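Undergrad: Each chain, letter by letter, is given below.
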Amino acid sequence: MAHAAVPGITQEQKLEQWIRQYGTAILRTCFVYLSDAAQAEDAMQDTFLKAWNSMEKFDDRGDGAAKKWLMRIAINTCRDYRRSRWFRYVDRSKTLDDLPAPMEAMSAQERSLLIDIMHLPEKYKRVLLLYYYQEMTLQETADVLGISRSTVHSRLQKAQLLLKRILTGREIR
Amino acid sequence: MMHNPVKHTIDGQLFSLQVTDRDVETIMNHIREGKKVKRKLSAGFVLTMILILAAATALAVAIMSGKEFTQDVLAPIAAQDTSTKWSQEQSEELIRLAKENGITITDDILKQIDSEEGAFKESLMRAFAKSQLGYYPASWSIEDQAWYDELLVLSGIKEERTRFVPSEDEITEQEALSCALAYISAQFHPSYDLEDEQNYERYVQYMLSEDDLGNPIKVWDIEYVATNEQNESYYVIVSSDGNVTPDESYTSKGDDSIATAVPVALDQLLSMIEENDYFTVENMACFASNYKTEIESLGDNPPKQYRILQALSKIPYSIPSSTDISQKDALEIAQNQFLDLIGEDTSRLAFYKHTISYRVYDPQKPEWRVCYKIDLIENYYLFRDGTIPFGVVIYLDASNGEVLSIQELWDLDLYYYWCEFPDEHDSEQTVAQGIG
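From first to last, the protein sequence lines stand for chains A and B. Numbering (our numbering) for the first sequence: 6 to 178. Numbering (our numbering) for the second sequence: 6 to 441.
These aren't lab readings, by the way, just hints derived from the structure by calculation. Fair warning: there could be bad hints in the mix.
[To be verified] Which chain A residues face chain B? A few, computed with CB under 10 Å, are given here:
#1 Leu32
#2 Thr34
#3 Val37
#4 Leu54
#5 Lys73
#6 His124
#7 Leu133
#8 Leu134
#9 Tyr136
#10 Glu140
#11 Ser155
[Unchecked claim] Sample of chain A residues facing chain B (criterion: CB under 8 Å; computed from the structure):
#12 Ser40
#13 Ala45
#14 Phe53
#15 Phe63
#16 Asp64
#17 Asp65
#18 Arg66
#19 Ile122
#20 Tyr129
[Stated by the list, open to error] The calculated label-pair distances, taken between Cβ atoms and stated as ranges, are:
#21 Gln18(A) / Ser146(B): 36 to 42 Å
#22 Asp26(B) / Lys62(A): 26 to 32 Å
#23 Glu148(B) / Pro126(A): 37 to 43 Å
#24 Ser144(B) / Gly151(A): 26 to 32 Å
#25 Gln23(B) / Gln18(A): 20 to 26 Å
#26 Gly151(A) / His13(B): 46 to 52 Å
Values in this document were obtained by computation on a predicted structure and should not be read as measured data. Every residue, glycine too, gets a C-beta built ideally from N, C-alpha and C.
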């Protein structure tokens with residue numbers, strides 16, 4: 006749902022509205038990206054703190070601008086986390102047993118899809134998360150990642166191809 | 006959007022990860038108190054960073070070159086936190102240390118430091134290194150490029166190495182240059198000596214790339230850029246074992262109109278796909294004629310990203326005449342054929358997208374082509390057990406609706422070749438080029 010600016014509310018109220026509206030989706034995106042619940046929580050909190058620090062400069066034109074902006078901050082925050090030295094020394098390969106328990110019974114295939122996505126190379130995971138999970142358009146995904154629409158399109162194709170290879174047991178790179 | 010298994014899986018599996026009222030309160034309290042959220046840094050990490058900073062400060066008292074300053078002072082400080090930018094305090098400290106060590110503060114450095122948005126770590130490190138090494142990467146040796154690349158990884162600014170010094174079993178820079186020059190001379194017969202610095206600037210990089218299958222490979226990226234507009238410029242890629250390929254995406258200075266038009270065509274194609282959920286008969290007819298000239302000018306071996314354009318430009322899209330059966334009728338005939346194939350279960354139609362186009366290969370026998378394409382990611386589980394085909398393509402005689410042929414697509418690769426963009430399979434060359 007697009008976030009529309011509501012006249013008459015304070016910056017604090019607006020931020021709180023954003024946390025309630027987008028926080029859970031950002032938290033889950035961060036988890037898929039970082040493969041670590043505690044890190045994901047930190048990244049989600051950092052995202053909103055960074056947003057708060059730059060809110061005065063942000064031009065909320067409505068039409069999903071806030072969501073795009075917050076997602077850009079979240080993705081950059083996750084990238085920062087992954088760049089950190091200590092992050093690279095921790096084994097983050099996950100199995101089904103490492104995932105939080107699902108709310109409802111999910112098929113093994115559905116559960117393995119999440120693992121498959123988490124194991125995708127980072128650049129493909131980013132476009133997949135924004136385009137499919139956040140349900141952004143090609144253009145919105147391109148705007149968030151600062152890449153061209155054609156690059157988003159080709160990465161989505163590659164991501165799908167990699168997931169297919171995972172499914173069919175073929176070697177992936 | 007139809008059922009979205011990515012969203013369904015993530016939301017279902019990660020249901021327990023939710024932002025609660027308490028989380029909201031925690032964040033808002035931090036904001037009100039002006040505090041940062043406590044990060045989970047290990048004691049070992051903090052100790053390491055303190056030692057690095059101490060070492061960096063100690064080193065900084067000696068006189069250094071721009072390169073040494075970048076490596077021994079900037080990089081360790083950059084590694085202290087995960088931010089992509091220097092803080093104001095760090096910037097001021099860096100300038101102080103640079104002055105203390107006799108490092109030239111260039112206009113570029115000052116501009117970055119004074120920027121309201123703050124200086125990016127990588128950009129400022131590069132600016133300090135450039136004060137000694139010159140323009141990046143053209144003036145940097147292969148060794149300096151690799152050194153800088155490694156430094157960025159060690160500082161946590163970059164994730165993976167992408168520039169290297171060739172190993173013993175890989176060709177040297179001189180050998181790569183010889184291969185490139187021999188190739189350019191044989192293929193293009195340049196009018197001037199490419200090694201003459203009056204006429205050409207040479208840029209060389211040894212970097213990570215991908216082969217056609219997406220596998221990582223190391224390549225020499227060699228460019229001879231003409232210093233005047235009369236000369237052609239050349240850009241070739243030499244593999245680590247000496248094979249040369251021209252990079253066709255490079256366009257010499259006289260071809261600006263093509264360089265602009267082709268990306269515009271690709272962009273328009275993507276817009277059509279996005280806005281119309283794949284092509285409409287009308288916009289494909291229009292697209293094919295609008296960009297035909299520019300796309301044909303790409304030659305027989307265009308860069309990968311433009312191959313789809315080239316393939317589509319070869320298909321004779323057109324608009325049906327009044328004597329042809331209508332698009333609606335063509336779709337109805339095709340749908341009946343399709344349902345016959347997949348078991349007449351109309352609910353299965355929901356798993357497919359369809360596209361339709363009208364083409365005139367033979368003016369006496371125009372065709373409707375209807376392609377049913379399984380929506381791959383959204384129907385992820387269905388094709389796994391092979392219960393339904395990935396795609397079905399149905400050809401109809403446009404004048405009377407007679408079914409000319411039906412093709413079922415079961416193979417994954419063929420699916421990609423033939424269905425991702427719905428019309429390119431007509432061209433054998435297209436398939437041979439590996440579009441998809």
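Undergrad: So, for every hint listed, does it hold in this structure?
TA: Structure-based check of all given hints:
1. Leu32: Hint holds; Leu32(A) Cβ to chain B Cβ min 5 Å, cut 10 Å.
2. Thr34: holds (8 Å)
3. Val37: holds (6 Å)
4. Leu54: It holds, given that the least Cβ distance between Leu54(A) and chain B is near 6 Å, below 10 Å.
5. Lys73: violated (16 Å)
6. His124: violated (14 Å)
7. Leu133: holds (7 Å)
8. Leu134: The hint holds - Leu134(A) has a Cβ within 10 Å of chain B, the shortest such distance being about 8 Å.
9. Tyr136: holds (9 Å)
10. Glu140: Given a least distance of 7 Å, the restraint on Glu140(A) holds.
11. Ser155: Since the shortest Cβ distance to chain B is 5 Å, the answer is holds.
12. Ser40: Result: violated, 12 Å to nearest chain B Cβ.
13. Ala45: Holds - the Cβ of Ala45(A) comes within 8 Å of chain B, reaching about 7 Å at its closest.
14. Phe53: holds (5 Å)
15. Phe63: Because about 13 Å separates Phe63(A) from the closest Cβ in chain B, which is outside the 8 Å limit, the hint is violated.
16. Asp64: This interface hint is violated because 15 Å lies over the 8 Å limit.
17. Asp65: violated (17 Å)
18. Arg66: violated (20 Å)
19. Ile122: holds (7 Å)
20. Tyr129: At 10 Å from the nearest chain B Cβ, Tyr129(A) fails the 8 Å test, so the hint is violated.
21. Gln18(A) / Ser146(B): 36 to 42 Å: violated (56 Å)
22. Asp26(B) / Lys62(A): 26 to 32 Å: Roughly 29 Å apart at Cβ, these two residues keep to the hinted range, so it holds.
23. Glu148(B) / Pro126(A): 37 to 43 Å: The hint (37 to 43 Å, Cβ to Cβ) is violated, given that Glu148(B) and Pro126(A) are roughly 29 Å apart.
24. Ser144(B) / Gly151(A): 26 to 32 Å: The hinted range 26 to 32 Å holds for Ser144(B) and Gly151(A), with Cβ atoms some 27 Å apart.
25. Gln23(B) / Gln18(A): 20 to 26 Å: Roughly 21 Å apart at Cβ, these two residues keep to the hinted range, so it holds.
26. Gly151(A) / His13(B): 46 to 52 Å: violated (29 Å)
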